[in-house]
Amino acid sequence: MLRYVGRRVAGLALVLIIVLTLVFFMLRAAPGGPVDAYLGMNPTPEKRAEVEHRFGLDQPLWVQYAKFLGNLASGDLGRSLFSDRPVSGIIAERLPVTLEVSLVAFLFWVVIGLAAGAFAAHRRDSFVDGFIRVISVIALSIPSFWLALVLVVVFGLYVKGVLPSSGWVPFGEDPWNNMRSVVLPAFALGLGAGAIIARTLRASMIETARTDYVSFARAMGMSERVILSRITLRNAIIPTATVIGLMLGTFISGTVLIENVFNVPGIGQTIVSAFRQHDYPLAIACTLITASVFLVANLVVDLLYFVLNPRIRAGFLNGTAR
Amino acid sequence: MAPATRAGGTAATSPSGDPPLLSVRDLAVTFRTRNGEVPAVREVSFDLARGEILGLVGESGSGKSTVLTALTRMLPRNAQVTAGHIGFDGTDLLGLREAGMRRLRGDRIGLIPQRPMTSLSPATPVGRQLRWHLDGLDDAGRLRELLGGVGLGAVLDRLDGYPFEFSGGQLQRLLIAVAALGKQPDLLLADEPTTTLDATVQAQVLRLLLELRDRVGLAMVFVTHDLGVISQISDRIGVMYAGRLVEIAPTRELFDAPRHPYTQALLEAIPGRYRRGEPLRTIPGTVTGANRLAGCPFAPRCAAAIDLCHEENPVTREVGTSLVGCHRAGEDL
Numbered sequence: 001m002l003r004y005v006g007r008r009v010a011g012l013a014l015v016l017i018i019v020l021t022l023v024f025f026m027l028r029a030a031p032g033g034p035v036d037a038y039l040g041m042n043p044t045p046e047k048r049a050e051v052e053h054r055f056g057l058d059q060p061l062w063v064q065y066a067k068f069l070g071n072l073a074s075g076d077l078g079r080s081l082f083s084d085r086p087v088s089g090i091i092a093e094r095l096p097v098t099l100e101v102s103l104v105a106f107l108f109w110v111v112i113g114l115a116a117g118a119f120a121a122h123r124r125d126s127f128v129d130g131f132i133r134v135i136s137v138i139a140l141s142i143p144s145f146w147l148a149l150v151l152v153v154v155f156g157l158y159v160k161g162v163l164p165s166s167g168w169v170p171f172g173e174d175p176w177n178n179m180r181s182v183v184l185p186a187f188a189l190g191l192g193a194g195a196i197i198a199r200t201l202r203a204s205m206i207e208t209a210r211t212d213y214v215s216f217a218r219a220m221g222m223s224e225r226v227i228l229s230r231i232t233l234r235n236a237i238i239p240t241a242t243v244i245g246l247m248l249g250t251f252i253s254g255t256v257l258i259e260n261v262f263n264v265p266g267i268g269q270t271i272v273s274a275f276r277q278h279d280y281p282l283a284i285a286c287t288l289i290t291a292s293v294f295l296v297a298n299l300v301v302d303l304l305y306f307v308l309n310p311r312i313r314a315g316f317l318n319g320t321a322r
Numbered sequence: 323m324a325p326a327t328r329a330g331g332t333a334a335t336s337p338s339g340d341p342p343l344l345s346v347r348d349l350a351v352t353f354r355t356r357n358g359e360v361p362a363v364r365e366v367s368f369d370l371a372r373g374e375i376l377g378l379v380g381e382s383g384s385g386k387s388t389v390l391t392a393l394t395r396m397l398p399r400n401a402q403v404t405a406g407h408i409g410f411d412g413t414d415l416l417g418l419r420e421a422g423m424r425r426l427r428g429d430r431i432g433l434i435p436q437r438p439m440t441s442l443s444p445a446t447p448v449g450r451q452l453r454w455h456l457d458g459l460d461d462a463g464r465l466r467e468l469l470g471g472v473g474l475g476a477v478l479d480r481l482d483g484y485p486f487e488f489s490g491g492q493l494q495r496l497l498i499a500v501a502a503l504g505k506q507p508d509l510l511l512a513d514e515p516t517t518t519l520d521a522t523v524q525a526q527v528l529r530l531l532l533e534l535r536d537r538v539g540l541a542m543v544f545v546t547h548d549l550g551v552i553s554q555i556s557d558r559i560g561v562m563y564a565g566r567l568v569e570i571a572p573t574r575e576l577f578d579a580p581r582h583p584y585t586q587a588l589l590e591a592i593p594g595r596y597r598r599g600e601p602l603r604t605i606p607g608t609v610t611g612a613n614r615l616a617g618c619p620f621a622p623r624c625a626a627a628i629d630l631c632h633e634e635n636p637v638t639r640e641v642g643t644s645l646v647g648c649h650r651a652g653e654d655l
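Line by line, the protein sequences are chains A and B. Position one of the first sequence corresponds to residue 1 (this note's numbering), numbered consecutively onward. Position one of the second sequence corresponds to residue 323 (this note's numbering), numbered consecutively onward.
Because the hints were derived from the structure by calculation, they are not lab data. Computed from a predicted model, the values in this text were never measured in an experiment. The beta-carbon is built from N, C-alpha and C at its ideal position, and this holds for glycine as well. Incorrect hints may have been included.
FRET-style restraints, in silico, Cβ to Cβ [unchecked claim]:
| # | chain 1 | residue 1 | chain 2 | residue 2 | range |
| --- | --- | --- | --- | --- | --- |
| 1 | A | Ser223 | B | Arg464 | 15 to 25 Å |
| 2 | B | Ala462 | A | Leu304 | 46 to 56 Å |
| 3 | B | Asp482 | A | Phe119 | 46 to 56 Å |
| 4 | A | Arg133 | B | Phe486 | 53 to 63 Å |
| 5 | A | Ser223 | B | Gly412 | 21 to 31 Å |
| 6 | B | Thr610 | A | Leu304 | 44 to 54 Å |
| 7 | A | Val111 | B | Asp548 | 19 to 29 Å |
| 8 | A | Phe145 | B | Thr610 | 51 to 61 Å |
| 9 | A | Val137 | B | Thr610 | 33 to 43 Å |
| 10 | A | Val137 | B | Phe486 | 30 to 40 Å |
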């Protein structure tokens with residue numbers, strides 16, 4: 001088990017290095033560059049050379065890459081080309097915002113999704129079931145950025161003063177208003193994920209309800225409520241956990257759109273401006289963060305699967321799976 | 323003759339004079355399908371005494387499993403009991419509320435499922451599932467006694483394992499330990515409990531069930547399509563065809579003197595009765611659509627069928643110690 005985790009973590013590090021290398025070269029291959037973005041139109045050649053030197057861009061590409069790897073290994077992410085602040089400082093400021101929105105969205109929509117799915121499966125073919133199914137299809141079909149725009153319009157123009165439609169209040173400054181400013185972005189971010197979770201759980205619960213082991217438990221006189229909690233949910237949660245993990249991945253791309261629409265100063269917003277300005281160190285650092293979050297989330301889901309599914313666990317323990 | 327008394331002959335009632343434990347009268351079950359309603363079980367009547375084993379035999383789709391499921395009132399959503407009466411120890415099972423029925427399940431009417439490999443939850447250790455169904459298992463002696471009773475003493479220290487870590491035979495014995503030995507129900511329903519097991523394990527399980535009958539005194543309805551199995555275990559045998567119980571007789575009687583043309587054809591189709599090289603006999607035609615026929619369902623495939631057979635479903639008649647649903651029963655066919 002520990003060896004497995006160790007191997008997976010080593011694998012993650014390798015994937016990260018590959019991703020960062022790709023981003024490093026793609027950024028430099030892209031037309032335009034930080035110098036143009038920094039100096040604006042028609043700079044003099046002398047000014048250009050000076051800025052290029054300051055950014056370290058006058059050195060050969062392989063030297064830049066070697067320096068980048070060296071700095072990365074020592075934990076130095078460099079300074080932003082534009083604000084001249086340490087990139088780690090910017091990340092430390094922006095990441096908690098994104099994490100807060102994502103975490104709230106995740107918790108809220110996982111709970112809603114699981115509850116709706118379980119309820120729909122339990123009351124299969126009832127009005128409530130039909131309602132949940134229709135709503136979830138609609139929720140799945142709505143692009144999150146469109147929903148975000150609608151929410152901005154509704155809460156910005158028509159229903160004023162209930163929830164802030166734009167902007168961000170840090171938690172340390174004003175916890176209450178911080179919570180209020182999380183609501184709409186989190187809602188828009190996780191809606192689709194909630195719908196998929198609900199549909200997956202419903203389908204796998206209905207599947208489980210048809211199994212021999214549920215029939216046998218019923219034939220032994222077990223009550224429907226106990227069957228639901230001990231057997232149906234316990235087995236139906238296994239495929240659902242996989243889906244929940246995959247949904248985490250959609251959150252990462254989702255924050256890019258959501259943060260820009262709601263003007264939330266998180267990683268998603270930072271990544272867009274960093275790439276637009278060719279702010280190499282900041283763009284790389286944002287990539288590092290999002291890729292790490294994604295990979296770690298996947299690892300956690302795999303480990304969770306290991307906990308939930310005894311077959312897989314046994315495979316590891318007796319060595320038939322590696 | 324009134325339907326309720328039709329089956330009141332020697333073979334339908336118990337051999338002893340006591341009132342039967344289970345009394346099924348004119349049971350009818352209908353399935354709603356896309357092509358309309360299909361009668362899966364029609365006019366099935368039988369009695370079962372305490373300590374007696376009744377075998378129900380028939381081919382796939384003959385309704386034998388549906389009868390069992392109706393007895394536990396666990397029919398699928400698209401099936402419905404449309405007529406009949408099921409008396410169990412003085413209670414009308416079909417009139418019970420679901421909660422009342424649930425109290426009978428397991429404790430008084432047990433079930434051994436057809437597929438032991440998939441009948442325990444795959445996500446929970448076996449030992450914990452045993453405790454779900456049986457009280458007092460924390461006492462190690464009780465657990466040892468229970469597992470020893472089904473010849474599973476060797477797995478006592480493996481109960482924290484999951485179902486997939488056990489063999490089919492072990493799981494079936496484990497389920498028998500729970501459903502029969504642990505719960506000690508008055509009535510045990512066994513739905514082809516040996517079909518997924520290999521031959522040696524099959525024999526072990528049958529022996530175990532017979533032993534339990536003698537030890538616990540439970541009555542059993544044993545469903546199978548295997549005549550060899552059913553002859554070993556049953557006191558009486560009911561033969562089902564297209565949803566009807568066409569013949570019911572004591573085991574010896576049925577094998578020595580089958581009265582219904584279908585029973586006769588079925589016995590003639592047992593391979594063991596033929597010498598090497600002699601072609602096996604089969605029953606011509608298929609059972610398809612037979613449960614919708616107006617007359618006797620077997621008439622289209624029956625060598626002895628007369629015009630009446632195609633028009634009118636025969637009333638069950640007593641011939642010797644057998645009950646036979648055939649217009650020509652008792653004739654020398």
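Hint-by-hint comparison with the structure:
1. Roughly 24 Å separates the CB atoms of Ser223 (chain A) and Arg464 (chain B), a value that falls within the hinted 15 to 25 Å.
2. Distance hint check: the CB atoms of Ala462 (chain B) and Leu304 (chain A) are about 34 Å apart, inconsistent with the given range 46 to 56 Å.
3. The hinted window of 46 to 56 Å between Asp482 (chain B) and Phe119 (chain A) is violated, with their beta carbons roughly 33 Å apart.
4. For the hinted restraint 53 to 63 Å between Arg133 (chain A) and Phe486 (chain B), the CB-CB distance of approximately 33 Å leaves it violated.
5. The given range of 21 to 31 Å is respected by Ser223 (chain A) and Gly412 (chain B), whose C-beta atoms sit roughly 24 Å from each other.
6. Distance hint check for Thr610 (chain B) and Leu304 (chain A): the Cβ-Cβ separation is about 49 Å, which falls inside the suggested range of 44 to 54 Å.
7. In this structure the hint that Val111 (chain A) and Asp548 (chain B) lie 19 to 29 Å apart at CB is violated, the actual value being about 51 Å.
8. About 57 Å separates the C-beta atoms of Phe145 (chain A) and Thr610 (chain B), a value consistent with the hinted range of 51 to 61 Å.
9. Between Val137 (chain A) and Thr610 (chain B) the beta carbons are some 40 Å apart, a value that agrees with the proposed interval 33 to 43 Å.
10. Judged by the Cβ atoms, the range 30 to 40 Å given for Val137 (chain A) and Phe486 (chain B) holds: they are separated by roughly 36 Å.
Comparing the model with each numbered hint stated earlier shows that hints 2, 3, 4, 7 do not hold.
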